[in-house]
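Model the placement of chains B, C, D and E on the given structure of chain A, informed by the hints.
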Amino acid sequence: MFLAKVVGTVVATQKDPKLAGLKLLLVQHLSLDLEPTKSFVVAADSVGSGTGEVVVCATGSSARLTEVTDKLPVDAVIMAIVDTLEINGAIKYSKSPEAASVKS
Amino acid sequence: MFLAKVVGTVVATQKDPKLAGLKLLLVQHLSLDLEPTKSFVVAADSVGSGTGEVVVCATGSSARLTEVTDKLPVDAVIMAIVDTLEINGAIKYSKSPEAASVKS
Amino acid sequence: MFLAKVVGTVVATQKDPKLAGLKLLLVQHLSLDLEPTKSFVVAADSVGSGTGEVVVCATGSSARLTEVTDKLPVDAVIMAIVDTLEINGAIKYSKSPEAASVKS
Amino acid sequence: MFLAKVVGTVVATQKDPKLAGLKLLLVQHLSLDLEPTKSFVVAADSVGSGTGEVVVCATGSSARLTEVTDKLPVDAVIMAIVDTLEINGAIKYSKSPEAASVKS
Amino acid sequence: MFLAKVVGTVVATQKDPKLAGLKLLLVQHLSLDLEPTKSFVVAADSVGSGTGEVVVCATGSSARLTEVTDKLPVDAVIMAIVDTLEINGAIKYSKSPEAASVKS
Numbered sequence: 001m002f003l004a005k006v007v008g009t010v011v012a013t014q015k016d017p018k019l020a021g022l023k024l025l026l027v028q029h030l031s032l033d034l035e036p037t038k039s040f041v042v043a044a045d046s047v048g049s050g051t052g053e054v055v056v057c058a059t060g061s062s063a064r065l066t067e068v069t070d071k072l073p074v075d076a077v078i079m080a081i082v083d084t085l086e087i088n089g090a091i092k093y094s095k096s097p098e099a100a101s102v103k104s
Numbered sequence: 001m002f003l004a005k006v007v008g009t010v011v012a013t014q015k016d017p018k019l020a021g022l023k024l025l026l027v028q029h030l031s032l033d034l035e036p037t038k039s040f041v042v043a044a045d046s047v048g049s050g051t052g053e054v055v056v057c058a059t060g061s062s063a064r065l066t067e068v069t070d071k072l073p074v075d076a077v078i079m080a081i082v083d084t085l086e087i088n089g090a091i092k093y094s095k096s097p098e099a100a101s102v103k104s
Numbered sequence: 001m002f003l004a005k006v007v008g009t010v011v012a013t014q015k016d017p018k019l020a021g022l023k024l025l026l027v028q029h030l031s032l033d034l035e036p037t038k039s040f041v042v043a044a045d046s047v048g049s050g051t052g053e054v055v056v057c058a059t060g061s062s063a064r065l066t067e068v069t070d071k072l073p074v075d076a077v078i079m080a081i082v083d084t085l086e087i088n089g090a091i092k093y094s095k096s097p098e099a100a101s102v103k104s
Numbered sequence: 001m002f003l004a005k006v007v008g009t010v011v012a013t014q015k016d017p018k019l020a021g022l023k024l025l026l027v028q029h030l031s032l033d034l035e036p037t038k039s040f041v042v043a044a045d046s047v048g049s050g051t052g053e054v055v056v057c058a059t060g061s062s063a064r065l066t067e068v069t070d071k072l073p074v075d076a077v078i079m080a081i082v083d084t085l086e087i088n089g090a091i092k093y094s095k096s097p098e099a100a101s102v103k104s
Numbered sequence: 001m002f003l004a005k006v007v008g009t010v011v012a013t014q015k016d017p018k019l020a021g022l023k024l025l026l027v028q029h030l031s032l033d034l035e036p037t038k039s040f041v042v043a044a045d046s047v048g049s050g051t052g053e054v055v056v057c058a059t060g061s062s063a064r065l066t067e068v069t070d071k072l073p074v075d076a077v078i079m080a081i082v083d084t085l086e087i088n089g090a091i092k093y094s095k096s097p098e099a100a101s102v103k104s
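Listed in order, the protein sequences are those of chains A, B, C, D and E. Residue numbers are given in my numbering: position 95 of the first sequence equals residue 95, and the series is strictly consecutive. Residue numbers are given in my numbering: position 64 of the second sequence equals residue 64, and the series is strictly consecutive. Residue numbers are given in my numbering: position 58 of the third sequence equals residue 58, and the series is strictly consecutive. Residue numbers are given in my numbering: position 10 of the fourth sequence equals residue 10, and the series is strictly consecutive. Residue numbers are given in my numbering: position 9 of the fifth sequence equals residue 9, and the series is strictly consecutive.
One chain only, chain A, in its complex shape:
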């Protein structure tokens, strides 16, 4: 899986019938310093994520194993919204601003 930041939304009416109702988001890969990179994908949303959130995306056939993507022609899915990232013993990211300030 990869870490990404939700940065946008794709609207498409002309599409495979099975995709009706599925939310397609633009997610930008993050570096280990949590900086957005130039790389991005279109991912289906399975967890109600919104712009600006840091998420975990699964790709390939595994992207079809969430409840909302079963048997759909999608190869990337947001399957978790990150609360906290701990890297080399320090909290590098926390969704709640208060907690983020409590770094180790």
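Don't read these hints as lab results, they were simulated from the structure. Only a predicted model underlies this, so the values are computations on that prediction, with no experimental measurement involved. Careful, some of the hints might be misleading.
Remember, identical chains collapse to one label, so a pair may be satisfied in a single copy or spanning two.
Unchecked claim - Result set (DSSO-like, lysine-lysine): computed pairs, CA atoms no more than 30 Å apart in a straight line:
1) Lys95 / Lys18
2) Lys23 / Lys38
3) Lys71 / Lys18
For chains B, C, D and E alone, kept in the frame of chain A given last:
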């Protein structure tokens, strides 16, 4: 999935029998600034897309899950034609020129 | 799928038993200008292609869906020999030299 | 599979229900010189690995074939903790410091 | 599939139970000039290959289709040992030194 622009067509008569009737298009990857990159793939078309359109492509085994690609030896499929792209709160692309001018 | 040029042959006697009789070719990725790149793969041949031909290759589990690669441990297959490539409205490649000179 | 070093932990409460109880770790790709590279992924842990350990990760659908990841929407799993790496005839890494000093 | 050279061995005792007895090798990608590149993977061995040999590796779900890797959590397998490579009409590699000197 990735964002791409349809830029060409592949014609092939000598091919796996199951591919008969399938439209194979050349699609060029787009950057997050919606500029074409050097990267491209050959994708099966499942939605009737044409040259110049911005599309969403699924890859891998998921590319076989549209109605027209079921069980075919294809690893990329155009599964949606983009109407609108909203990135960081602004409409960055709209298929209809009129709507595109109404940026936020 | 990707566009490639057939550039060589792999001969291997010590291999998984299921691969007996399968032709393994070296195919070099082509750029959108149809120039060979540094990237190449070993692909199973399902269409009787030969050195110098421009082909379309499928990868991953889809590579096992041609008649000759069913259930084999292969992740890339040549599934079509290109007759014509039309890019941005012009014929950029044609297998028959005569037709190639008739560009739009 | 790829060699990686465990460098962090991902905590996420809002996620696909099937992921409950699964440990998600940040693992950084290693070069052949065993130096960490800029590339990293989020991998499920199936072997009880901890920060600083050198591990082997499987990706794609194969990541769902360990006991703890069966049918889960994950595309990367730590499936082994490395004891020893022998490269070109020399022991380049050993988990136990004593053994590491006995290089050939 | 890709061409690679076997350069090392991975020893791991703490691993997914299904991996017991499987040989894990380090294989380095080769360029079309047959030079080792910086890229490498850990691959399961299905053909009894040894250090220094030039091999063909399959990846993804196809890596599980050899006799020794059935249903295992592995995403790369050595499925053939190369005898001869013919590129652009010339023998560029031959496992037996005598044959290698007979270039076209």
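Outcome of the hint check:
1. Lys95 / Lys18: between (33 Å within a copy, 22 Å between copies)
2. Lys23 / Lys38: Answer is both; intra-copy 22 Å and inter-copy 28 Å each pass.
3. Lys71 / Lys18: Both, since 9 Å and 16 Å are each at most 30 Å.
Every hint from the earlier list agrees with this structure, and none is contradicted.
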